[in-house]
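*Asks:* Here is what each chain is made of, one letter per residue.
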Amino acid sequence: MLPSDVDRNPMMRISSQSVVPRDITDEFTQASSKLRTGQLVKDEYFTLFEAVGALEIMDSKMDSGYLGPGENDAQALEDDYDTTRELAPEQVLGVMDELLCHEMAWHMGHPLSQTVFTSLYLDKLLWPVPKSIEDAHFCRPRSSENKEEPALVNLVLRAYCLALIKCCDFVHARVTTEYYYEEEDFVTQLYNRSLLSQFDHEYFCNLLDRAISWLDEQGDSINEKVKEAIRCRLLFRREFFLALDQDIDVLESRSTDHFSFCLSQQALLTESTPLGVPVPESFSWKIQRKLASTIPPRPVVKISFEDALAHLKRLCQDAIDLMEVLHYRGPHNLKAAVWTLLSRKPQPSVYIRSLIQTMIVNNMTVLGSVSVKQFLYDELAELVLPSSTLLLANKDETEVPSDPRFQIANHMDLFVKRFAQPFVDTFRSACLNRCRIRRTVCHTLVEWDNLQMEAEDLDEQLRTLNSEPPLMLQNGDATYSYPLSSWAYHQKLNQFRLIIQLGFELSIYSPEELPGMYWYLSHICSTHLGHIDRIRTFIVATAKRNLTALAGKKREAVERHASLQNSLRLLERLTTQIVAVDAFAIALHALYVLLARHNILPTASSAQAYSSERLRYELRMKPFIPITLPELVPYEEYRREAILEGDSDEIVLERATKAISEARKAWEATLANGPFIRETQSQANPAPAIDEDWKKDIRNTMRACIGASIAIETVKKALAARGSSKNASTGVNLTVSIPEMGSKLRWHDWWIVPQVSQSQEPSKA
Amino acid sequence: MNENQAVKYLESLIGQTVRVHATDTRIFVGSFKCTDSARNIILANTYEYRFPSSSAVQDAATKAENQDSQTTTESQNFKVNMTSRFIGLVVVPGQHIMKIELEETPQQSRVRETLRKP
Numbered sequence: 001m002l003p004s005d006v007d008r009n010p011m012m013r014i015s016s017q018s019v020v021p022r023d024i025t026d027e028f029t030q031a032s033s034k035l036r037t038g039q040l041v042k043d044e045y046f047t048l049f050e051a052v053g054a055l056e057i058m059d060s061k062m063d064s065g066y067l068g069p070g071e072n073d074a075q076a077l078e079d080d081y082d083t084t085r086e087l088a089p090e091q092v093l094g095v096m097d098e099l100l101c102h103e104m105a106w107h108m109g110h111p112l113s114q115t116v117f118t119s120l121y122l123d124k125l126l127w128p129v130p131k132s133i134e135d136a137h138f139c140r141p142r143s144s145e146n147k148e149e150p151a152l153v154n155l156v157l158r159a160y161c162l163a164l165i166k167c168c169d170f171v172h173a174r175v176t177t178e179y180y181y182e183e184e185d186f187v188t189q190l191y192n193r194s195l196l197s198q199f200d201h202e203y204f205c206n207l208l209d210r211a212i213s214w215l216d217e218q219g220d221s222i223n224e225k226v227k228e229a230i231r232c233r234l235l236f237r238r239e240f241f242l243a244l245d246q247d248i249d250v251l252e253s254r255s256t257d258h259f260s261f262c263l264s265q266q267a268l269l270t271e272s273t274p275l276g277v278p279v280p281e282s283f284s285w286k287i288q289r290k291l292a293s294t295i296p297p298r299p300v301v302k303i304s305f306e307d308a309l310a311h312l313k314r315l316c317q318d319a320i321d322l323m324e325v326l327h328y329r330g331p332h333n334l335k336a337a338v339w340t341l342l343s344r345k346p347q348p349s350v351y352i353r354s355l356i357q358t359m360i361v362n363n364m365t366v367l368g369s370v371s372v373k374q375f376l377y378d379e380l381a382e383l384v385l386p387s388s389t390l391l392l393a394n395k396d397e398t399e400v401p402s403d404p405r406f407q408i409a410n411h412m413d414l415f416v417k418r419f420a421q422p423f424v425d426t427f428r429s430a431c432l433n434r435c436r437i438r439r440t441v442c443h444t445l446v447e448w449d450n451l452q453m454e455a456e457d458l459d460e461q462l463r464t465l466n467s468e469p470p471l472m473l474q475n476g477d478a479t480y481s482y483p484l485s486s487w488a489y490h491q492k493l494n495q496f497r498l499i500i501q502l503g504f505e506l507s508i509y510s511p512e513e514l515p516g517m518y519w520y521l522s523h524i525c526s527t528h529l530g531h532i533d534r535i536r537t538f539i540v541a542t543a544k545r546n547l548t549a550l551a552g553k554k555r556e557a558v559e560r561h562a563s564l565q566n567s568l569r570l571l572e573r574l575t576t577q578i579v580a581v582d583a584f585a586i587a588l589h590a591l592y593v594l595l596a597r598h599n600i601l602p603t604a605s606s607a608q609a610y611s612s613e614r615l616r617y618e619l620r621m622k623p624f625i626p627i628t629l630p631e632l633v634p635y636e637e638y639r640r641e642a643i644l645e646g647d648s649d650e651i652v653l654e655r656a657t658k659a660i661s662e663a664r665k666a667w668e669a670t671l672a673n674g675p676f677i678r679e680t681q682s683q684a685n686p687a688p689a690i691d692e693d694w695k696k697d698i699r700n701t702m703r704a705c706i707g708a709s710i711a712i713e714t715v716k717k718a719l720a721a722r723g724s725s726k727n728a729s730t731g732v733n734l735t736v737s738i739p740e741m742g743s744k745l746r747w748h749d750w751w752i753v754p755q756v757s758q759s760q761e762p763s764k765a
Numbered sequence: 001m002n003e004n005q006a007v008k009y010l011e012s013l014i015g016q017t018v019r020v021h022a023t024d025t026r027i028f029v030g031s032f033k034c035t036d037s038a039r040n041i042i043l044a045n046t047y048e049y050r051f052p053s054s055s056a057v058q059d060a061a062t063k064a065e066n067q068d069s070q071t072t073t074e075s076q077n078f079k080v081n082m083t084s085r086f087i088g089l090v091v092v093p094g095q096h097i098m099k100i101e102l103e104e105t106p107q108q109s110r111v112r113e114t115l116r117k118p
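Chains A and B, in that order, give the protein sequences.
Each residue of the first sequence is one higher than the last, beginning at 1 in the UniProt record's numbering.
Each residue of the second sequence is one higher than the last, beginning at 1 in the UniProt record's numbering.
Hints should not be assumed to be uniformly reliable.
[Claimed, not checked] Label-pair distances were calculated between CB atoms; the ranges are:
| # | chain 1 | residue 1 | chain 2 | residue 2 | range |
| --- | --- | --- | --- | --- | --- |
| 1 | B | Val57 | A | Lys61 | 27 to 33 Å |
| 2 | A | Glu71 | B | Gly94 | 46 to 52 Å |
| 3 | B | Ser31 | A | Ser264 | 51 to 57 Å |
[Claimed, not checked] PhoX-like cross-link-like pairs, simulated, lysine-lysine; straight-line CA separation at most 25 Å:
| # | chain 1 | residue 1 | chain 2 | residue 2 |
| --- | --- | --- | --- | --- |
| 4 | A | Lys395 | A | Lys417 |
| 5 | B | Lys8 | A | Lys42 |
| 6 | B | Lys63 | A | Lys131 |
| 7 | A | Lys345 | A | Lys744 |
[What the hints assert, rightly or not] Here are a few chain A residues that sit away from chain B, every Cβ distance over 12 Å (derived from the structure):
| # | residue |
| --- | --- |
| 8 | Glu56 |
| 9 | Ser213 |
| 10 | Cys232 |
| 11 | Glu397 |
| 12 | Glu447 |
| 13 | Ile625 |
| 14 | Ile643 |
| 15 | Glu662 |
Calculated directly from the structure, the hints in this document are not laboratory data.
Heads up, the beta-carbon is just placed ideally off N, CA and C, and yes, glycines get one too.
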């Protein structure tokens, strides 16, 4: 992954004092007037393309510093708003809630200049840059006397504002340390303002506490309800502040108290917001004129309080459920947990996604407790190398370079060096936004193809070092397990499947491509199943060899037996899941073939379109073209398979019916298996929320299965009706629609089940 | 000055730091990139400078007065910085340009002076 592109502006223009300006107006004007119309004098590296991005000065749409006719400096820049004025408690409440809306809008991906930085209160606190935290108050730049009067504004609102800015600082710091996409996920631009990052967090908490106790001391001067509402906001802000301050320390503390408290305040916040009176004049887009910004002025972003709270609620809930990911129970379980949490709809916010990225790996440690090497070894032990000597070799114990164990350790170190990062990245890439996940996986696929080849070399060297016994095939050939490259291939096939399935989720394929893409998905699945069978064969052979030792009841042998069985169970689990995907893909493929044959499948391209099936195939296979294994399916073969050439409608129908019932069984079995490998059955479920999400996802898939079988039945009946009417020239009396992403009838993102229904009017030719 | 000389002269300015005064009194300081017959000017890495607002001047004045009263000096002068901000790549249309200045180091101006002498 490429590091995020952070646009950092120079803080101040640097120029030496001795620079002398010389008036060249006349010379310049004279010279430029000599140029012909259309003639340019320009820097040879300066392109027209760049020039298009230039802001046009004195153009009100482009120039944020432009003052309209009649606007004078004072109105334009200062705004007439007096931040020291007294506010009614209801107004303070209104300002607080509007600020929260702006804060959440920023979390959602809008720039600070159009959200939080439109507040004149915040502007006053942040500019000029305060040297000490006491400097940041509303009475600047005038005398600092009576700083705390009126207290409702200068103590309560100020405490709230300062803590809010610091909250933004925490979020900003976390997001910028991880991979995110500027302007796609988040805008990190600070416009040459600082978010009080240099000040210690204690001050903010103290200030909030002081504000709360001041509020408590007020008698009947403030309406009880309004007072309670303000109090609730201060409390919420304090806990939200502490929650964000905790950040990755949660790996140590494992505490969700702060976020839980924030969540518990939601109802109170919603209830009391109507009590607030907005102060619209305390917000202004004109502040953009003072911000260092290379973009044209843009309007203030307005989101409703309900939307802001909904976003906040999800953020808190995701942060709480994130705790379930942190308990390390092997790479397989971690992958299931991370992927499930990040597939939530709507996707967890960029802060949560950045937080998970850091937790997955930070300082070469996974979840703050497991070294990257151990993590990789756990994965290998789970899948391809249960209780293998390869993973036990250690240079600390064998120091003689001629010892095979020393050499094995050397080779394995090489392997870790090369594979640890790409492997961890397969987890981290799940934290990107959905489009970027697919794009990233398309890129890493090529890397994994190379890695597989490197692993193959290592496998060959390791095989002689640990004198692996070959497996005899029926034709008498000897074959070896190639554990490392087998594992790399397994990873690659996972990525193939992900690319295709995310393609469905991201609405990349047009309806006419669906038969072909579902065929290709099933093709990848069957390749994968064959590969898992191969891995299984070798583990079974190892288990057989272990049986004699097991008979002797040696402790080592018993342990080895257990880990071999664990691997076999995991392989079985993977098989069930891939069979389920495979069968469902076959069923949908067959269904779509029938719809296409009878010309009732909607098409996105018109008859005169330049695109052809061959060109579309080339386009879809683009990520797979450079890959050596599995080999690319030639177009002719793909076409034959995709349209099921030579099979009659009856055969295709039969295929669909059989496959869909198999799919339903396999998905049921998958659901029964659950998302995680459990060490013991009696163990309490350590991840109930994620477990529930995962099950919901599988249930949705099963719903899609049922939808597909209904569609298949409908097609079957219609075809039978047409057959019995002995009038084959009439078209099939059906209408087909493809449910869009997000519609109710799209039961699952990855499974596009067509809606097939009887046409209202019989289509008589 | 013929066309050839004009082009040569303008090309000599490319990459140099130029101050462009706009009709609304703002000053744009950036690296000269491009111009045309209408005297439109493109500047890169530009900073916008604006004269301090009247209220800022007043604040400074009060401050200066306060200090004066304490130190009892006669001086009525005080300094207020122009406000500046980074705005990047800009084009200043020719009709909005009041004045163009070239930033030179004393050394550069000496070199120019010597070159001018026959």
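*Asks:* None of the hints should be skipped; say for each whether it holds.
*Replies:* Going through the hints against the structure:
1. B/Val57 to A/Lys61: 27 to 33 Å: holds (30 Å)
2. A/Glu71 to B/Gly94: 46 to 52 Å: The hint (46 to 52 Å, Cβ to Cβ) is violated, given that A/Glu71 and B/Gly94 are roughly 23 Å apart.
3. B/Ser31 to A/Ser264: 51 to 57 Å: holds (55 Å)
4. A/Lys395 to A/Lys417: holds (15 Å)
5. B/Lys8 to A/Lys42: Given pair B/Lys8, A/Lys42 holds - Cα atoms ~11 Å apart, limit 25 Å.
6. B/Lys63 to A/Lys131: holds (19 Å)
7. A/Lys345 to A/Lys744: With a Cα-Cα distance of about 14 Å, the restraint between A/Lys345 and A/Lys744 holds, given a limit of 25 Å.
8. Glu56: violated (5 Å)
9. Ser213: The claim holds: A/Ser213 sits with its nearest Cβ about 34 Å from chain B, beyond 12 Å.
10. Cys232: holds (37 Å)
11. Glu397: holds (59 Å)
12. Glu447: Per Cβ check, A/Glu447 is outside 12 Å of chain B; nearest 36 Å; holds.
13. Ile625: holds (39 Å)
14. Ile643: holds (54 Å)
15. Glu662: Consistent with the label, A/Glu662 stays out of reach of chain B, its closest Cβ about 60 Å off (over 12 Å).
Checked against the numbered hints above, the structure breaks hints 2, 8 and satisfies the rest.
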